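4 protein chains.
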Amino acid sequence: MNKTIGVLTSGGDCPGLNAVLRGVVCTAAKLDWKVIGFRDGYEGLLADDGHMELTLQNTEGIMQRGGTILGTTNRGHFVRKGGSGGRGRLDPVVIARTKETLARLRISALVTIGGDGSLSTSQQLFEAGINVIGVPKTIDNDLEATESSFGFDSAVACVTDALDRLHTTARAHKRVIIIEVMGRHAGWIALHGGLAGGADAILLPEIPFSYDRLADAVRAREKSGHPSTIIVVAEGARLAGGREHYHAAQSGEYRLGGIGETVAHELDRRINRPRLTKEIRTCVLGHLQRGGDPTTLDRILGTSFGVKAVDLIAEGKFGQMVSYQHSQVLNVPIASAVRRQKIVQTDCQMVATCRAIGISFGD
Amino acid sequence: MNKTIGVLTSGGDCPGLNAVLRGVVCTAAKLDWKVIGFRDGYEGLLADDGHMELTLQNTEGIMQRGGTILGTTNRGHFVRKGGSGGRGRLDPVVIARTKETLARLRISALVTIGGDGSLSTSQQLFEAGINVIGVPKTIDNDLEATESSFGFDSAVACVTDALDRLHTTARAHKRVIIIEVMGRHAGWIALHGGLAGGADAILLPEIPFSYDRLADAVRAREKSGHPSTIIVVAEGARLAGGREHYHAAQSGEYRLGGIGETVAHELDRRINRPRLTKEIRTCVLGHLQRGGDPTTLDRILGTSFGVKAVDLIAEGKFGQMVSYQHSQVLNVPIASAVRRQKIVQTDCQMVATCRAIGISFGD
Amino acid sequence: MNKTIGVLTSGGDCPGLNAVLRGVVCTAAKLDWKVIGFRDGYEGLLADDGHMELTLQNTEGIMQRGGTILGTTNRGHFVRKGGSGGRGRLDPVVIARTKETLARLRISALVTIGGDGSLSTSQQLFEAGINVIGVPKTIDNDLEATESSFGFDSAVACVTDALDRLHTTARAHKRVIIIEVMGRHAGWIALHGGLAGGADAILLPEIPFSYDRLADAVRAREKSGHPSTIIVVAEGARLAGGREHYHAAQSGEYRLGGIGETVAHELDRRINRPRLTKEIRTCVLGHLQRGGDPTTLDRILGTSFGVKAVDLIAEGKFGQMVSYQHSQVLNVPIASAVRRQKIVQTDCQMVATCRAIGISFGD
Amino acid sequence: MNKTIGVLTSGGDCPGLNAVLRGVVCTAAKLDWKVIGFRDGYEGLLADDGHMELTLQNTEGIMQRGGTILGTTNRGHFVRKGGSGGRGRLDPVVIARTKETLARLRISALVTIGGDGSLSTSQQLFEAGINVIGVPKTIDNDLEATESSFGFDSAVACVTDALDRLHTTARAHKRVIIIEVMGRHAGWIALHGGLAGGADAILLPEIPFSYDRLADAVRAREKSGHPSTIIVVAEGARLAGGREHYHAAQSGEYRLGGIGETVAHELDRRINRPRLTKEIRTCVLGHLQRGGDPTTLDRILGTSFGVKAVDLIAEGKFGQMVSYQHSQVLNVPIASAVRRQKIVQTDCQMVATCRAIGISFGD
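Chains as they are written, first to last, in our numbering: chain A, 5 to 367; chain B, 5 to 367; chain C, 5 to 367; chain D, 5 to 367.
Hints are not guaranteed to be accurate.
It does not matter which identical chain is used: a pair holds within one copy or between any two.
To be verified - Calculated lysine-lysine pairs in the DSBU-like style (CA-CA distance at most 30 Å, straight line):
{"hint": "1", "residue 1": "Lys227", "residue 2": "Lys34"}
{"hint": "2", "residue 1": "Lys34", "residue 2": "Lys282"}
{"hint": "3", "residue 1": "Lys34", "residue 2": "Lys178"}
{"hint": "4", "residue 1": "Lys38", "residue 2": "Lys227"}
{"hint": "5", "residue 1": "Lys227", "residue 2": "Lys7"}
{"hint": "6", "residue 1": "Lys282", "residue 2": "Lys103"}
{"hint": "7", "residue 1": "Lys38", "residue 2": "Lys178"}
{"hint": "8", "residue 1": "Lys227", "residue 2": "Lys282"}
{"hint": "9", "residue 1": "Lys178", "residue 2": "Lys103"}
Just so you know, these hints were derived from the structure itself, not from any lab. Nothing here was measured: the structure is a model prediction, and the numbers come from that model.
Make the full structure from the sequences, and use the hints.
Written out as C-alpha cells, the structure is:
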C-alpha cells in the first residue's frame, strides 16, 4: 500500500524533535510510505513552499542533533486567543486551507509534535475531520498525559553541567551563586537538576518559599563549615504568602531582571547588612537549556514516539496521542490529554530525598 | 539517639557509587548518626586499617565523580566458591571476625552496596545475625529485583558518545565499524546504546545471530546508498545454533581477541572475498564504560538509594534491599532478590522499535 | 637540602589553577621540599589558620578540576586603592605581618599565582625583600608578558559549547541570539569563541561597532537564505563614536541589563519596526566561563607553569615571572611584566580570517 | 572575476577537515568563486560522479562536525608503491585523466588536504602543470613543515577524556591500566594526552623503554601510597635495545594483540609472580581518537587553513602549502615540506616537565 503522511513540529524547540522525525521516516520507509514535512510548525500547512519530502537520506544523522530540521514557531495562524495555551477556536478559513493542502499533497494522516497548545490545535483539526496523531513535547515535563517526554532529560543535563561548573568557582570564592532555570508552572527541571547538580537550595513554583528562610539556609551552611551555597531557582518560583514572581511571556526566554536577580537582591539585603559578608552572583541559563545534542534517554524516547505515531496511523487510531506510561509507549485520546498539568507534589519521594540530604526549599 | 552505621561498596565499580555514599552520609548526618566506611569491599571488615569515618566534609563533591572513594574489589575472603556468582557458604571464621569488627566499632547496622554476588554475601551475613541493608549495583541493569540501577545510564551514555565519534570516521571512509560493549548475559547496554547511538545492527546475548544475516544487512545498506555500517556487539552475544562466543571471566575487561574481533573476522570472510570491498574496523570500549562522571539520572538514583538505605535502618527493616519499582524507591527482601536475572525479552517494545527503524539483530 | 616554599592563588578563579598547584607540589616533592599553601589569596598570609600543607596525597586528582583548592579572593588587605588594578602601595604593616608569617613557617620562597593586580602586589613584596616568583593568570588572555595563559582555552571552550547549543535553537526558530561573553578590555574570548562557535557577528572592545551596520548584517543574512543569526558580544564592546557600554566592576560577573541586553534592544528597534520580523534573544554566560574542568591545553600550561616556578626558586631567580613565549616556558622580570595589556590588533590575521569567511564586526 | 576551484580531502580522516572545507567555501563565496568538491580523496578526480558543488548552504554547520563530508580514502589509484608514504611516481594515465576532469569542470586550481603521502601526490600533480595548493593534515602532529595542524588537539582531548574515565575505575580497584594511543613514529599524542590526563608513565617511540624500569615505576608508586597506575603507550613505542613493537599497517587501527596487550603481559610477568598482587587492564582507543567534534583550536586552525588556501590561489602561489609557524598561517613550498618528520626531542621542555612531576618514561 502506497501512502503519504505528513509531519510537523510546533512550539518551542527541544532536544529530541529530530529523533521523532527520524523515527517517523525510518518506520514509514519500511512500509514504503512517503513522508512530507511541514516547515515552521502548523504555518507550513498554509504556505506554498511550506513543505519538503523527508527521506532516509536527508534525515540521516539528525537524531543526534538538537533543534528541528523542519523549523518551528510559537506564533502564527494556528495560535488561538490567549496565547499558546489559548482555548479559542481555529479560524474556519485556516482549517479549510489546511484540508486543501493535505488533499493536494494526498496526505492521508498528519503527525503533530507539540506541547499543550499545539495538541489543542491537533484536537480541533481531528474534530474537523483530519486524521491526526499527536506526539507530546514538553521540555518542562509538565504534561499529565505522559510520564516522560523527550527534551526534559537533556534540559536537566544542561542544568547539572552548569552546576558542576558553578561549584568550582563558588567554592574558590566562597560565594552564593543563584542559577535561574526553566519551569514556569512546574519545577521538575529545578528539582532534578538541583538534586543531580548538588544544589544546596531549590526554589520551585510548587513549594512557596520565604527569603528569611533562604537566608537562614545560607547562614546555616556557613556555620557548618560550607562557605559556598548554590541555589537553583525555577523561573516560576513563588513566595509564600501569595506574592508572584513570574512575569515572563515565554518559558526559556532570557528576561531582564528575572527572578534570579530578585532572589540575589533580596538575599543580599538579608545577608550583607550592615556589611558585605558574602558575595552573591546570578546566572540565567535561558536558551542554553533548549539547545545541545539530546541525551541517550531523549534519543530513545523521541525515536520510540516517532515509531509509535506511525504504528497508530497503520492501525487507523486517529485522534490519539502517543504517551509513555509504566515503561511502555502507549496511546491516549488527545482530547483527554490536553490541559492537565503534572506538577511536583510537595510530599513526593524526590522532595523527601532532597530534604533528607539537607537541601533547603526555602520553606 | 546516637548511632553508628557502616557502609561498603563491593564488586566492579560503576558511576553512582559515590552518590550512594554521600546519600547515606548526608541522611545520617541529619539524624546525628556516625558513618564508618569500610575499604575495598567486604575486605575492609577484616583489616585492622580497613575503615575510615565518612563525614559531610570528606564526602563533599563526591556525588559528581565516578568510582568509589572507599575502594572495591571482586576478590578476597568473601568471594565464595564459583566466583562472584558462587553459591557456596562464607567461612564461619570470616563471619565471626566481621561481627567482631562491627562490635568493636559499635556499628549497629551495615549498608552493603553490590551486585548479585555481593548481595548473596549480605544475605548470609543477615542470616548470621548482622543488621544488613542491601543496595543493588549492576551496571548491566540485569537484576530482576530492581527496574533501574545507577551506573547503567552512564555506561549507555559512554557507548552513545563512542558511537557519535565512530559515525563520522565510518562515513568518511565508508567503513564497517564494530564496537564491543559490556553485557555478558543481558544485552541492555548494547540495546540502549545502539538505539541511542544510531547503530545499524545490534548483537545481543538474548537474540542469537548468524554471520550470513549480518553480512546481508551490511550489503543491504550499501545497496540502499548507506556505505558505512556501525555494529554494536554485546560481549555475550551468541550465534544461532548454540555456538558460544563469550569466554571472559569478568565483565568490562578488555580481552585479547574478544567477540568484536571474531565478528570482524567472520564478516571480512563473507564480504571481502574474492576482493576487498569494505574495510572493517573494531573498537572495544572495555573499562571506559565504567569510568567517568555519573549522568544526572545515576546521581539521582544513587542518592535516592543511599537515603532509602538509611530510612530502612531507622525503621529497623533489616535483611531488606533497596529497589526501584514503578518510579518509586521501595524495599524487597534480599533473599528474594538475588539470583534472578532480568534479560531482554525478544518481543519487547524496544526491540520492536529497533526493528521498525531498520536496525538488524542479525537474526 | 630541606626547604619549605609557599604558594597562593589570587584574584578571580579560572581553570588551571589547581594544575599549577599540583605542578608545584610534585616538583617540590622530587626535591624533598615541603609546600605550604595559603588560603584565600594573599589573605592567608595574615590569618592564623590561613595555611595548609600541600602534599602529593591531597593534591592527587586536582589537576583535572577547575577552581582552586586554596580558595582565592578579589578583596582584602592586599588590594590597593583603585581596585585590583590599583597602583597604590601596600600598607607597611601588611608587609611586616607577611614577613612574620613566612619567617614563622620557615618559608624561603613564595609562588604567587595571579593576574595583573596580584603581580603588582608580588613585585612590591619582592621589593620588600621577599623571595617571590610570579605565575601569570588571566582568563582573558590579556597580559602582554605571556603569549598564552591557562584558563583562556577553557573559557573559549565554554563559549564554543554554548554557541553549539544556541545554533540548534536559533535555527529552529529563525531567531537572532546574542551571547554576552567575558572581555572588558580585550576581546580574545569573543574572537576565538566566536570563530570556533560559528558566530555570524562578533563585537569586540578593539573594533568599535555601529548598530546600523549590525542590523545590516542580520538583514543581509536573511536575504541570502540564513534566517538565524548568532552574535557574540564581549562585555567591553564599544560603539563607534566613543560611546561606552562597559559598566561592570568585575569581569565575569552577571550584571543586570549588561551590554547583551542593550544590543538586543537596539537591534530590536532597528529590525522589528514597524512590525516584528525577527525574534531576538539574549544569553549571558557569566560565571559559567570560569567554571568547569580545564581543557588539555590548560592542564599542560598550568602544570608547566608550576614546574617552572619551582625551577626558578631552585635557581634563585626571584622577582621573576613565568611566561610562555615561542612555545617555551621562560621567565621575565615581574616588574617589566605588569601593566602591559595585550589587545586584539584590528589588522591581525585572525580578524582577517573572520572577515574572509563573512563574519561581521559591526563596523 | 568568475572562477571555479576544486578541493578534496585525502588519507585518514581527522576532526577539522570540514572546517577547512567550510573555510574554503566561505572565502570563495565572498570572491564569487564556485567550489567543486571531489569525493573520496583523489579518487573523485577519476570517477564520473566523483564530485559535487560545495555551497554556503550545504556546508552550513559542518565546521562543528568531525569526519569529512567529501569522504576520503587511504587507497586507490593515487597511492604509489610503498603505501601512503611511497615514493613511486604516479601513473601518467592517472595524471592525464586528472587534467581532463579539471579541464571539463573548468577548474583553475585545486586545494588538496592531506598528509605526507597525499602532499607528495600534490607535488607531482603540480610538477605536471596543475595549479595545486596543499593543506597539511596530520592527526599525529608529526609534519616538520607546520608547527600545529588541526585534528591533533581533538585527538589529545579524546585521550585526556579517556584517562579521566580510567582514573576513577583504576583507583577504585587499585589497578594498573594501560591505554594504547595513536603515534607510530612520533609520540606527541601520548605525550600531550598523558601529561594532560595525569598519566603515571608514558611510553613513546622516541624514548626507548625497558619493562624492568616500568615495573619499578609501578612498584615505586605502590610503595609511596598510590596503589593505582595509569600507563599511556603510543602504538609505536620502542623497547630499549632495539626491539621493535610496532607492526600495524595503519595508524589508528585497532589491532589484535597490539603493544598495549604486550605491555600488559610483560608487566604481569614482572609484577604478579609468584602471586597476583596487582590486576592489570588494557584499553585501546583506536578510532575513537579520529572521531568526534573538533575542539575550538582545531576549528580555528582548520578554518584559517581553508581561508589561507584560497588566498594563495588568489595570489597565484601554486605549489605552495599552508603552514602554521610562530602563531601565523604562512606558506611554504610543498616540495620542501614532505618527508620531513617532526618527532619528540628527548630533551625538550615538555619531557622535562613530565619528569619533574614524576612521570616515568620507562627509561
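Hints, one by one, checked against the model:
| no. | hint | in the structure |
| --- | --- | --- |
| 1 | Lys227 x Lys34 | between (64 Å within a copy, 15 Å between copies) |
| 2 | Lys34 x Lys282 | between (62 Å within a copy, 25 Å between copies) |
| 3 | Lys34 x Lys178 | between (58 Å within a copy, 23 Å between copies) |
| 4 | Lys38 x Lys227 | between (65 Å within a copy, 20 Å between copies) |
| 5 | Lys227 x Lys7 | between (69 Å within a copy, 23 Å between copies) |
| 6 | Lys282 x Lys103 | between (62 Å within a copy, 29 Å between copies) |
| 7 | Lys38 x Lys178 | between (59 Å within a copy, 27 Å between copies) |
| 8 | Lys227 x Lys282 | within (13 Å within a copy, 44 Å between copies) |
| 9 | Lys178 x Lys103 | between (61 Å within a copy, 26 Å between copies) |
This entry satisfies every hint, going by the numbered hints stated previously.
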